[in-house]
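Chemist: The primary structure of each chain is shown beneath.
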Amino acid sequence: MYLVRRLPSVAFLLVATSVVAFALPRLAPGDPAIAVAGPDASPETLELIREQMGLNKPLITQYLDWVGGVLTGDLGRSFTTGRPVAELIGTRVGSTIELALIAAVFMVGIGIGLGVWTATARRPAARVLLDGLNSALLSAPPFLTGLLLILLLGIAVPILPISGEVAFVDDPVIGIQYLLLPALALALPQAATIARLVTASMRTTEAEDFVDLAIAKGVSHGVVVRTHILRNSMGPALVTIGLRFGELLAGAIVIEAIFARHGLGSLAVASVQTRDYLVVQVLILAAVTVAVVMQILTDLGVALLDPRIRLGATS
Amino acid sequence: MSSTSRGSRLRTARWARGLATAVVAAVVLTGCAVAQKPAAESAAPAAPVEGGTLRVAAAADAQPQFVMANRAGNWSWRRLVFDSLIELDKDATPQPLLATDWSYNDDRTELTLTLRDDVAFHSGRAFTAADVVFSLEQVQLPANASQLAGVAKGITSVAASGDDTVVITLAAPSDSLFDLLDLTPIVDSETWGAIADGKEVIGTGPFTWKSWTPGASITLEKNAEYWGDEGPYLDEVDISIISDTTALQTALTSGAADVALGMAQADVVRLGKDEAYSLLDAGGVFYPFGVDVTQAPFDKPEARQALSYAIDRERINEQVFGGDGVITDLWWTPGSPGYPTDLATHYTYDTEKAKSLLDEAGAAGASITITYANLPVMKSLFEIVQNNLQEAGLEVTGEALDLPDYDKRQVDGTIGQSFLLLHGMVGFSTATLIDAMPSIRSGNASHFDTPEYTELKDAVRGADDSTRDAAVKALSEYMLDQAFSNIIAVAPQYHVQTSALQGLRVVSLGSLVATDAFLPEK
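Here the protein sequences come in this chain order: Y and R. Under my numbering, the first residue of the first sequence carries the number 1, and numbering increases by one thereafter. Under my numbering, the first residue of the second sequence carries the number 1, and numbering increases by one thereafter.
Since the hints were made in silico from the structure, they are not lab data. Glycine included, C-beta positions come from ideal geometry on N, C-alpha and C. Keep in mind that the hints are not guaranteed to be accurate.
Quick look at which bits of chain Y chain R covers, simulated, 3 or more residues with Cβ under 8 angstroms [unchecked claim]:
{"id": "1", "stretch": "26 to 36"}
{"id": "2", "stretch": "72 to 82"}
{"id": "3", "stretch": "151 to 158"}
{"id": "4", "stretch": "161 to 170"}
If you want the footprint, here are the derived chain R segments under chain Y, 3+ residues with CB under 8 angstroms [claimed, not checked]:
{"id": "5", "stretch": "192 to 202"}
{"id": "6", "stretch": "209 to 221"}
{"id": "7", "stretch": "228 to 242"}
{"id": "8", "stretch": "303 to 315"}
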């Protein structure tokens, strides 16, 4: 029922996104024909290429052609490579999913672990140290963390590869080595955000009466933390994890470039640089769709964690 | 036993478990199989070694649909998969490839080429004169975007005479014909129509096209049936597309690549000083400072000449190119046939002379805007030019444009009052450059075009060994006098390879040739 109620707003959002995705690359200065053939191509060549790309048609025709294609499963052809957009994305999506999943595991593991550790640390020095570590991770952007990891574990102590990739499904042992550093660089800042939220939430929950009651009844500290405090503190963290997963995908753009990985992030950058409109349009549309799906999954997850929340309830 | 000491022991045990887990994970990850490989350091062996995979890191992706053109994305593979009829050596003298012999008629309007008879395409089909006819027809088509399409259009007919002889007839003698034959790959007419998506790329070269993942990688395999007497020695060539300059140099220095194309100038300079790497001369780039002659104050030749006197080219060479560039005022490939060396430093750095010419043109204290691409090299050039022109009394502001916008405005002829451009065309002959270089060709961004200019260019196009020097000199003098485009630097361009790699060459304005390349035995 909840999903049915969400459908109209999701449909409206996707239509609006398709308009924005179509308009955005065209608003940027530049000409796809020149980006493809180079500035030293003759005007005759450029005109011919524009015609081949369909850029001479009215904008509304171009939009309707594209939307019609998307609805029938034809995402169009890339201006720069001549390959179907679906094929281009298909060859890259595996790399980004691998990176995002491993980064998500790091993000959740490190985020919750660090958050719980900080919230339960009893020594003041340990709290200060963990808070400081959290702040440092929070303030370091992924590209900086990535470059530091390259310098440390790729060049100074070269134990992990820092350039390229091997698909995890092809060779898990080598593939995971290529994934460790980029995933860690991508996950650490997001993990710090989750850790901070978990810490704050746990400290608030710790002051609740039911926690005091549990302690008074003689429940062990570990059980109180796990069952009473942590479970009741995970709601806000879960919402953040859902949102941060989207940011992991955004961060992959920079991380893929630094570690020479060929995922959707590097495809997006190359497509924007070469004004490959059809690829950019589909990537924007796909990014919004992923965000919408993550939002819905997060809502469902929160409802699962907290029985007091009923999705779609009006009061 | 106190609860405190028991808690302490438990904490110690937890730390120990964590540490052990980390150690086991590290051993598993790095011990089973190691992805990180050290950069090759061994010295070159004397004899070629068979086998191995050449790993190329290239900044730009392939553009199979523009294989007829000189495009940076095709440098890594074009001359590995395709052969040309001839190859121009360092002195611009044609050397045989698919054509073994050639001769002109008396008035140089007819060139007869004899072809090899032992060549086959990767598909197995025999190479014949009909393929030469087809390839030269393709290069004339605008859709194939060759910079030499104009030269090709001067060809009135290409006729096959038997399987191994081709006769090219020209409307007028052309001093660019061998540039065209050098740059143009011989393509397979049967698969040419489907080359654009790169799924089937068929040539006659030493390596066959196996696969291309756009934006990611290209794989080439040894052509065991190659017609050459020796080579190829390598089994495979793996090309990784790495557009980020930091990641590109990391790929080379971490041992993930044997050669890198398109590295940042600063990285090239740094690695060039390291014995573990060597530089491959890959042509170079002309950096002209152009002005729009239809806009004041540059509608007066004196104001344009003042710019040329005002610019300190030696400082540009030292500060931007580490002293590795060529200080010249000319638009031609340094040392190319007909190059008028005596005119190369026609404009010396002379601020007082610049000031007096600006006075003469009534342009003293004028405000000008210089448009340039938002690239590190261009920004450095702009800063020096701005400083120089301010010393000469001009008010200078800059307009940095995103590359697509910059390219579009350059092509549209709306780039602005004055502008810094760049053309990676060092290596072309003068006769080719006058029609290929956007700064000086017809329809240039300066909007400069006069009957005298056209006449002088015609003389260069039709020059031969006996008239070339005089024709290029007369054109150069005229262009220096008109000063609508001022060359401020001619910078070399390099690919960087590990010193262990042997036999790799660069031709045709940057393309790799790996027929004789080999790697040391592991």
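Chemist: Could you run down the list of hints and mark each one as holding or not?
Modeler: Now for the hints, and whether the structure bears them out:
no.	hint	result
1	26 to 36	holds (count 7)
2	72 to 82	holds (count 4)
3	151 to 158	holds (count 3)
4	161 to 170	holds (count 5)
5	192 to 202	holds (count 3)
6	209 to 221	holds (count 5)
7	228 to 242	holds (count 3)
8	303 to 315	violated (count 0)
Taken one by one, the earlier hints fail for this structure only at number 8.
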